[in-house]
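Position chain E relative to chain S; hints supplied.
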Amino acid sequence: MAEESQNPLGAPARSYNSELAKAGALAAKTAEDVALLAEVERGDQQAMGRIFDRYSSMVYSVALRVLKDPGQAEDVMQEIFIQVWKKPGAFLSGRGSLGAWLVVVARNRAIDSLRRRRPTDSVEDVVLASSTDLAAEAERNTLMEKVRVHLHQLPPEQRKSVELAYFEGMSHSEIAEKTGDPLGTVKTRIRLALITLRKAMQGGEPPGLGQGHGQARATRGQAVPGSMPR
Amino acid sequence: MTIRLKEKQLNVNAQHISDEDLILYSMQSLSAGETATVELHLEECPECAANLAEIGGDFALLALSVDQQPAPAGARDRFLARIAAEPREAVSTYSMPQAEPRVVRESALREPARVIQATKPRRNWFPTLLPWAAAFAMLALAGYLGGSNQRLNDRLNQDKGQIAGLAAQAARAEEVLDALTSPEAKQVTLTEGKQAPPPTGRTSYLPGKGALVFVGNNLKPIPAGKTYELWVIPADGKAPIPAGLFRPDEHGSASVVLPKLPEGVPAKAFGVTIESAEGSPTPTMPIVLAGAAGL
Numbered sequence: 080m081a082e083e084s085q086n087p088l089g090a091p092a093r094s095y096n097s098e099l100a101k102a103g104a105l106a107a108k109t110a111e112d113v114a115l116l117a118e119v120e121r122g123d124q125q126a127m128g129r130i131f132d133r134y135s136s137m138v139y140s141v142a143l144r145v146l147k148d149p150g151q152a153e154d155v156m157q158e159i160f161i162q163v164w165k166k167p168g169a170f171l172s173g174r175g176s177l178g179a180w181l182v183v184v185a186r187n188r189a190i191d192s193l194r195r196r197r198p199t200d201s202v203e204d205v206v207l208a209s210s211t212d213l214a215a216e217a218e219r220n221t222l223m224e225k226v227r228v229h230l231h232q233l234p235p236e237q238r239k240s241v242e243l244a245y246f247e248g249m250s251h252s253e254i255a256e257k258t259g260d261p262l263g264t265v266k267t268r269i270r271l272a273l274i275t276l277r278k279a280m281q282g283g284e285p286p287g288l289g290q291g292h293g294q295a296r297a298t299r300g301q302a303v304p305g306s307m308p309r
Numbered sequence: 009m010t011i012r013l014k015e016k017q018l019n020v021n022a023q024h025i026s027d028e029d030l031i032l033y034s035m036q037s038l039s040a041g042e043t044a045t046v047e048l049h050l051e052e053c054p055e056c057a058a059n060l061a062e063i064g065g066d067f068a069l070l071a072l073s074v075d076q077q078p079a080p081a082g083a084r085d086r087f088l089a090r091i092a093a094e095p096r097e098a099v100s101t102y103s104m105p106q107a108e109p110r111v112v113r114e115s116a117l118r119e120p121a122r123v124i125q126a127t128k129p130r131r132n133w134f135p136t137l138l139p140w141a142a143a144f145a146m147l148a149l150a151g152y153l154g155g156s157n158q159r160l161n162d163r164l165n166q167d168k169g170q171i172a173g174l175a176a177q178a179a180r181a182e183e184v185l186d187a188l189t190s191p192e193a194k195q196v197t198l199t200e201g202k203q204a205p206p207p208t209g210r211t212s213y214l215p216g217k218g219a220l221v222f223v224g225n226n227l228k229p230i231p232a233g234k235t236y237e238l239w240v241i242p243a244d245g246k247a248p249i250p251a252g253l254f255r256p257d258e259h260g261s262a263s264v265v266l267p268k269l270p271e272g273v274p275a276k277a278f279g280v281t282i283e284s285a286e287g288s289p290t291p292t293m294p295i296v297l298a299g300a301a302g303l
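From first to last, the protein sequence lines stand for chains S and E.
Add 79 to the 1-based position in the first sequence for the numbering used here, that's all there is to it.
Add 8 to the 1-based position in the second sequence for the numbering used here, that's all there is to it.
The following block holds chain S by itself, in its conformation from the complex (with noise of 0.2 Å):
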């Protein structure tokens, strides 16, 4: 299987460059990732290693980023993959993105390493809002670009917030704390980060603080009151 080269989007995609297509492209992709777990499901080992390729970099990346520590970043990318390699059809049976749920494990997975905590994860699915796949690597790469921009884009104080919280593992109070501001603004700012981010990567624009809140709910189509800070 060569999709994985130079063209990511494969032949249809070339010919009519609709929305349409690129989807239907990236749904084999992600299809991709199903069949090789259902083949890991039998015991497939290439199969568990063709994943480990496509996703160990991901991995190993963001757990060095909260780790800074090579040795202890590799323990926790192994620790993730074994995890696949035992239930790999707990992934099978949600509707999320396995790229995106090994980083958002591995960040999770390392954090509690950081904080000697037992590992707590349970198998949710993780769906990214973008229709991006992450198992192709050009288009990976083309995500990371257009993130890390976004993110650079966010607020300093929103920027600053939520990599406080999601990087170096501190709790909102000792955010506030640090920041010395008070703990709603700084759950705030983390929301409208991510709220922000979301919308970016979708393609929209992103809302101002003052209207964060109310754009985000109709987006969802949801009814949900708002949320007080605690």
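Because the hints were derived from the structure by calculation, they are not lab data.
Any given hint could turn out to be false.
[To be verified] Think about it this way: if two alpha-carbon atoms lie no more than 25 Å apart in a straight line, the pair counts; the simulated SDA-like pairs of lysine to any residue are: (1) K239/S - D29/E; (2) K166/S - L88/E; (3) K239/S - L193/S.
This is chain E only, laid out in the frame that chain S set:
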């Protein structure tokens, strides 16, 4: 004494989880108790689960923003060596880890059929009113307990949020049952004037559920080795259905609560006969107490 026996939908988790709390949950920053509460809600709320999945997606984007480093040299080989050493067996479908279901006092819920032989000696007690309304309420409760036993058992495994509420209801039901049939409850027949009351029995019966409660007062004593037996006389003329054995205590009181009866049998009458101690599948004449159901 009236008892409302509607099923209560417990709204322990009626409120959706806020975005901020879902964010905290996704980052594993909640306390153990808060985490458990959120997970409980997520199990039964697809909306919040979907919201959480999207928040997870946002965090995935964040995770992808880090500088990419290739896995260290040899990592792949180490990984492959490890999975070669731990070959996969074909395992059945993964199931979400569940917290231990809280153990609830099930004794009240598991035994729908109980025959109470009121033969224990009673201590000295003072008279208490026996409201007939309590017996009817008892019967409604009996119907509820009988019919919902299976549902409750299923729910214990699935719906942790309702267990606490149902346990409270069961406790209340036990109280009612106790008031009606405990050896310590005072059974008093009220009569006009001063004549001694005759032997009487009162039966409450729900045909649909086959639920029955019988309370007898001022019953004549019967010899050792004998027992009273209650009968349901079906409306369709079929043979009388045995409905429990009872012996009066020294005050002449006895009760039968929720004996094992078939469901959906309308009754035209109830009767009591005297049988030998182990009871009888068919009544032995004479019928010493009888009452017509009269629709």
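>> Tell me if the straight-line CA distance from K239/S to D29/E falls inside 25 Å.
In response: 19 Å, holds
> Straight-line Cα separation of K166/S and L88/E no greater than 25 Å?
Replying inline: 16 Å, holds
> Between K239/S and L193/S, is the straight-line Cα distance small enough, at 25 Å or below?
Replying inline: Given pair K239/S, L193/S holds - Cα atoms ~19 Å apart, limit 25 Å.
Of the numbered hints listed earlier, not one is contradicted by the structure.
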